[in-house]
Amino acid sequence: MASKRFVLTFPPDATGQPITYNLIKKFDIMINIVKADVSPGKIGHLVIEMTAPARVLKEGMEYIKQQDIQCDPIEKKITYREDLCIHCGACTAVCFAGALTMRRDNAELLFEPEKCVVCELCLKACPLKLFSIDIG
Amino acid sequence: MVKKRSIDEINEKIRGGKAVVLTAEQVAAMGKEMTPAEIFSRVDVVTTATFGPMCSSGVFINFGHTTPPIRMERITLNNVPAYGGIAAVDAYLGATETAMPNDQYGGAHVIEELISGKDVLLEASAKGTDCYPRTEVKTLINKDTINEMIMFNPRNAYQNYNVAVNSTHKIKYSYMGTLLPSLGNANFSTSGELSPLLNDPELRTIGIGTRILFGGTTGYVAWHGTQFNTGKPVNEYGIPVGNSATLALIGDAKQMSTRFIKAAYFERYGVSMFVGVAVPVPVLDEDLARRVSVNNRQIETNVIDYGSGNFEVLGRVDYDSLFSGRITVNGKKIRTAPLSSVRTARELADILRLEISEGRFFLTEPIALFKKTSGLNSLEIRL
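Going down the list, the protein sequences come from chains A and B. Start counting the first sequence at 0; every next residue gets the next number (numbering that gives the first Met the number 0). Start counting the second sequence at 0; every next residue gets the next number (numbering that gives the first Met the number 0).
Calculated from the structure, these hints are not laboratory results. Don't take each hint at face value.
[Unchecked claim] Computed cross-link-like contacts, DSSO-like style, restricted to lysine-lysine with a CA-CA straight-line distance of at most 27 Å:
| no. | chain 1 | residue 1 | chain 2 | residue 2 |
| --- | --- | --- | --- | --- |
| 1 | A | 128 | B | 137 |
| 2 | B | 253 | B | 137 |
| 3 | A | 34 | B | 31 |
| 4 | A | 128 | A | 57 |
[As the list claims (entries may be wrong)] Simulated restraints, written as ranges between beta carbons of each label pair:
| no. | chain 1 | residue 1 | chain 2 | residue 2 | range |
| --- | --- | --- | --- | --- | --- |
| 5 | B | 380 | A | 97 | 41 to 49 Å |
| 6 | A | 11 | B | 330 | 17 to 25 Å |
| 7 | B | 230 | A | 112 | 45 to 53 Å |
| 8 | B | 230 | A | 11 | 46 to 54 Å |
| 9 | B | 380 | A | 71 | 52 to 60 Å |
Positions of the beta carbon are idealized from the N, C-alpha and C atoms, including for glycine.
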């Protein structure tokens with residue numbers, strides 16, 4: 000058995016396929032929803048942990064992609080140059096996962112890597128370009 | 000009991016090391032428990048600050064003359080065009096000007112590199128005249144080889160600013176940062192109760208000649224800023240709701256610090272520059288004591304839809320909610336994000352507080368106060 004986290008990105012016009020239901024029923028994959036932000040008419044994100052034999056996981060990923068849904072395994076890691084950060088907060092605007100937030104007490108940026116789903120939006124949102132991807 | 004004090008009296012106290020100087024945040028907290036009369040009796044000066052992206056910024060540079068001399072016409076610095084129509088070896092480098100084809104590198108980056116002491120490639124050409132025969136120059140310059148580097152920013156330190164949201168179904172990239180679709184976030188850009196012009200909303204003490212901290216060094220208010228508008232409606236606390244007054248600032252860029260001048264690139268918008276500004280507000284009377292004790296709950300601004308193209312006002316919120324991380328607009332909860340660094344603004348306000356308390360920075364009486372205006376002209380398409 001293998002467990003892996005994935006970010007599913009739904010286009011605004013995604014069909015109403017019951018993706019997680021089908022992954023469980025058709026493929027017998029154990030699903031743990033880590034974070035969900037999907038609503039009709041807008042780009043949606045679903046972060047799930049899938050547990051199944053490696054071959055089944057691959058079939059599950061294929062099925063997701065066939066539904067025109069982007070499926071990215073979370074293998075990469077986001078890092079940033081904390082020493083150069085000016086704590087403006089522009090990156091927090093795009094961090095739907097809540098990994099980047101502003102601390103109210105000292106007005107500093109707080110990065111909680113365990114919440115990061117590697118959507119990569121912060122790479123573009125940072126006006127000083129301090130974020131990068133660590134491929135691992 | 001005396002209900003007024005003058006700037007001369009405050010400067011006398013500064014000289015004697017007896018002036019009570021607090022930051023605007025400290026006084027905002029005091030204001031929740033004390034009356035303006037009590038604050039007036041306890042505090043002489045309040046320091047305010049902001050560190051946000053301010054596009055309308057740039058530097059005048061005088062490169063020095065070559066032998067034989069040139070009257071520079073087309074000028075680039077690290078491939079970023081500078082305006083050379085002010086002869087002969089003067090130029091104005093705007094912060095938002097970009098290098099071709101790399102539009103993520105621009106004037107702000109060159110300015111930051113020059114302030115940091117780095118070499119920058121100067122290329123200039125001219126037609127050549129009898130008095131300026133040279134037609135081309137290509138050399139390296141840095142802040143020690145040039146004569147002047149004067150930062151002159153026509154529009155800085157906005158008094159309040161809109162909150163930007165996006166109601167469309169597409170992500171939008173703006174000078175207010177990345178705006179997620181379907182009101183996915185709300186971006187704002189002032190330092191709230193720390194912000195200079197929100198602590199003296201009627202500009203009673205800030206005018207032409209006011210001495211400030213600019214990019215970390217001494218600077219001055221040169222004029223009112225462009226798009227200066229004192230005609231905006233004010234709320235019950237006398238705070239203009241939305242963009243209103245602005246300042247034109249001037250200072251010696253050679254003395255500035257890259258901690259307080261930072262180049263920035265906003266995705267699919269372009270280059271801008273974070274500028275650090277700290278302004279002292281003298282507490283001359285109880286009215287000013289009341290103004291400087293304004294807090295984030297009392298400062299409001301409009302939420303504007305930057306996605307739709309017609310900049311519709313969707314609601315009004317206060318800065319306490321904006322800093323809390325969530326606002327409610329039309330019944331919908333929206334995550335908020337700042338673009339202006341309150342942390343650095345706090346640092347600047349504290350530097351200025353120490354400079355004044357320790358007798359190194361004295362306050363100035365404005366040479367002239369700004370005239371009230373009633374609105375702005377729009378650009379009419381007449382052809």
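Hints versus structure:
A hinted pair counts as satisfied when its Cα atoms are at most 27 Å apart, and residue 128/A with residue 137/B does not qualify at roughly 30 Å. For a cut-off of 27 Å, the pair hint linking residue 253/B to residue 137/B stands: about 22 Å separates their Cα positions. With a C-alpha separation of about 40 Å, the suggested pairing of residue 34/A with residue 31/B is violated against the 27 Å cut-off. For the given pair, residue 128/A sits about 34 Å from residue 57/A by alpha-carbon distance, which is inconsistent with the 27 Å threshold.
At roughly 45 Å, the beta-carbon separation of residue 380/B and residue 97/A lies within the given 41 to 49 Å, and the hint holds. Take residue 11/A and residue 330/B: their Cβ atoms lie about 22 Å apart, and the range 17 to 25 Å holds. A hinted range of 45 to 53 Å for the beta carbons of residue 230/B and residue 112/A is consistent with their spacing of about 48 Å. Checked against the hint of 46 to 54 Å, the C-beta distance between residue 230/B and residue 11/A comes to roughly 40 Å, which is inconsistent with it.
For residue 380/B paired with residue 71/A, a C-beta distance near 46 Å fails the hint of 52 to 60 Å.
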